[in-house]
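Residue numbers (my numbering), protein chains in the order written: chain A, -1 to 112; chain B, 5 to 118.
No wet-lab data here; the hints were simulated from the structure.
Don't take each hint at face value.
[Said to hold, decoys possible] Result set (EDC-like, lysine to aspartate or glutamate): computed pairs, CA atoms no more than 20 Å apart in a straight line:
no., chain 1, residue 1, chain 2, residue 2
1, A, Lys20, A, Glu6
2, B, Lys75, B, Asp61
3, A, Lys47, B, Glu106
4, B, Lys48, A, Asp7
5, A, Lys67, A, Asp52
6, B, Lys87, B, Glu18
7, B, Lys82, B, Asp61
8, A, Lys47, B, Glu18
9, B, Lys48, B, Asp60
10, A, Lys75, A, Glu6
11, A, Lys56, B, Glu106
12, B, Lys75, B, Asp60
[Unchecked claim] Now the in silico label distances, taken between C-beta atoms and shown as ranges:
no., chain 1, residue 1, chain 2, residue 2, range
13, B, Asn56, A, Val81, 37 to 47 Å
14, A, Pro77, B, Ala6, 31 to 41 Å
15, A, Gly14, B, Asp67, 27 to 37 Å
16, B, Pro12, A, Ser78, 32 to 42 Å
17, B, Ala6, A, Asp52, 31 to 41 Å
[Unchecked claim] According to the in silico footprint, chain B covers these stretches of chain A (three or more CB under 8 Å from chain B):
no., region
18, 10 to 22
19, 100 to 107
None of these values were measured; they are calculated from a predicted model.
In this text, a Cβ means the ideal position worked out from N, Cα and C, and glycines have one as well.
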Amino acid sequence: AQSVAQPEDQVNVAEGNPLTVKCTYSVSGNPYLFWYVQYPNRGLQFLLKYITGDNLVKGSYGFEAEFNKSQTSFHLKKPSALVSDSALYFCAVRDGGYGQNFVFGPGTRLSVLP
Amino acid sequence: EAGVAQSPRYKIIEKRQSVAFWCNPISGHATLYWYQQILGQGPKLLIQFQNNGVVDDSQLPKDRFSAERLKGVDSTLKIQPAKLEDSAVYLCASSLDGRAGEQYFGPGTRLTVT
Chain A
-1 AQSVAQPEDQ VNVAEGNPLT VKCTYSVSGN PYLFWYVQYP NRGLQFLLKY
49 ITGDNLVKGS YGFEAEFNKS QTSFHLKKPS ALVSDSALYF CAVRDGGYGQ
99 NFVFGPGTRL SVLP
Chain B
5 EAGVAQSPRY KIIEKRQSVA FWCNPISGHA TLYWYQQILG QGPKLLIQFQ
55 NNGVVDDSQL PKDRFSAERL KGVDSTLKIQ PAKLEDSAVY LCASSLDGRA
105 GEQYFGPGTR LTVT
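Here chain A stands alone, though its shape is the one from the complex (with noise of 0.2 Å):
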C-alpha cells in the first residue's frame, strides 16, 4: 500500500528567504504525485503534479517540486517566500496504476514571517 510521510509539522520561514516542504513516499509502482494547499478558511487548491517527464515541475503562486526516485522525495520549494504563503500544506500520492487509493501526508503547515 502507498504512503506519504511529511517530516515535519510546521516550518517557518522568513519572508523573501527560500522555502522547502519535504515529502516522501513509498509505492509499488509508478508514482503520481501531487501537493495542494489549504489556506485558512479556504477549501483545498491544487498546487502542481509529477506525473512523467522533467523532474522538476513548475505549479502556481511560484512553487516547484523536484521528483527524485533515488530518495522517493517530491519537496515543494520557493526561491522567495511571501507572507501571503502562509498555510497547510499536503503531499499526495496515487500509484500510477488504476484504481489504486489517494493517500494524502498529515501536513506541513508553513509560517512566513515578515
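Since chain A is already given, all that's left is putting chain B on it; use the hints.
Same frame as chain A, now just chain B:
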C-alpha cells in the same frame, strides 16, 4: 466556471442519528471523490466514483457509511448511525482524469457529533 458545491456547510447531530451530505461536482468531471478530514490530519479517501460506478471504496466503513452517485453527476454521502469519532470535515472533490488529474475541492461540510 462554477466550482464544486457542497451542502450543508455545517451540521451538528447527536450520536446514533443519521446525516446526509450532498455534492455537485464541476460540470463534465467524470470522477468524484469523498474524503474525511479529521482535525490535524490529512484528508482520507472514503470513496471514488467514475461516472456512477465505484472505483475505490476500500476505506469506507460500510456498516455505517453509504454513498451514491445517481446519473453520474451529483452525489450523496450518508452516515447512519453516527458515532462521536465521525466528527470531521467531509470533503467532496472532482476531476477530469481519475488517475492523473488534479482534484478540485469543495468547501467541505463540518460535522460535529455530540
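Consistency of the hints with the structure:
1. Distance restraint check for Lys20 of chain A and Glu6 of chain A: the Cα-Cα separation of roughly 7 Å lies within the 20 Å cut-off, and the hinted pair is therefore satisfied.
2. Note on Lys75 of chain B and Asp61 of chain B: the hinted pairing holds, with a Cα-Cα distance of about 19 Å set against a maximum of 20 Å.
3. The hinted pair formed by Lys47 of chain A and Glu106 of chain B meets the criterion: a straight-line CA distance of about 8 Å does not exceed 20 Å.
4. A threshold of 20 Å between alpha carbons decides the hint, and for Lys48 of chain B with Asp7 of chain A the separation of about 18 Å falls inside it, so the pair holds.
5. Using a Cα cut-off of 20 Å, the hinted pair Lys67 of chain A and Asp52 of chain A holds, with the two alpha carbons roughly 12 Å apart.
6. At roughly 8 Å between alpha-carbon atoms, Lys87 of chain B and Glu18 of chain B fall within 20 Å of each other, so this suggested pair holds.
7. Under the criterion of a C-alpha separation no larger than 20 Å, the hint pairing Lys82 of chain B with Asp61 of chain B is consistent with the structure, at around 14 Å.
8. For the hint pairing Lys47 of chain A with Glu18 of chain B, the CA-to-CA distance comes to about 40 Å; that exceeds 20 Å, so the pair is violated.
9. Of the pairs offered as hints, the one joining Lys48 of chain B and Asp60 of chain B holds, with about 12 Å between alpha carbons and a cut-off of 20 Å not exceeded.
10. About 14 Å separates the Cα atoms of Lys75 of chain A and Glu6 of chain A, which keeps this hinted pair within 20 Å; it holds.
11. For the suggested pair Lys56 of chain A and Glu106 of chain B, the alpha carbons sit about 14 Å apart, so the restraint of at most 20 Å is met.
12. Between Lys75 of chain B and Asp60 of chain B, the direct Cα distance comes to roughly 18 Å. Compliance with the 20 Å bound is thereby established for this hinted pair.
13. Between Asn56 of chain B and Val81 of chain A the Cβ separation comes to about 44 Å, which falls inside the hinted range of 37 to 47 Å.
14. For Pro77 of chain A paired with Ala6 of chain B, a C-beta distance near 34 Å keeps the hint of 31 to 41 Å intact.
15. Remark: the range hint 27 to 37 Å for Gly14 of chain A to Asp67 of chain B is contradicted by a beta-carbon distance near 52 Å.
16. Against the hinted window of 32 to 42 Å, the Cβ-Cβ separation of Pro12 of chain B and Ser78 of chain A comes to about 40 Å, which satisfies the hint.
17. Distance hint check for Ala6 of chain B and Asp52 of chain A: the Cβ-Cβ separation is about 33 Å, which falls inside the suggested range of 31 to 41 Å.
18. Look at the region 10 to 22 of chain A against chain B: 0 of its residues bring a Cβ nearer than 8 Å to a Cβ of that chain, fewer than three, so the hint is violated.
19. Counting residues of the region 100 to 107 of chain A whose C-beta lies closer than 8 Å to any C-beta of chain B gives 6; at least three are required, and the coverage claim holds.
Checked against the numbered hints given earlier, the structure breaks hints 8, 15, 18 and satisfies all the rest.
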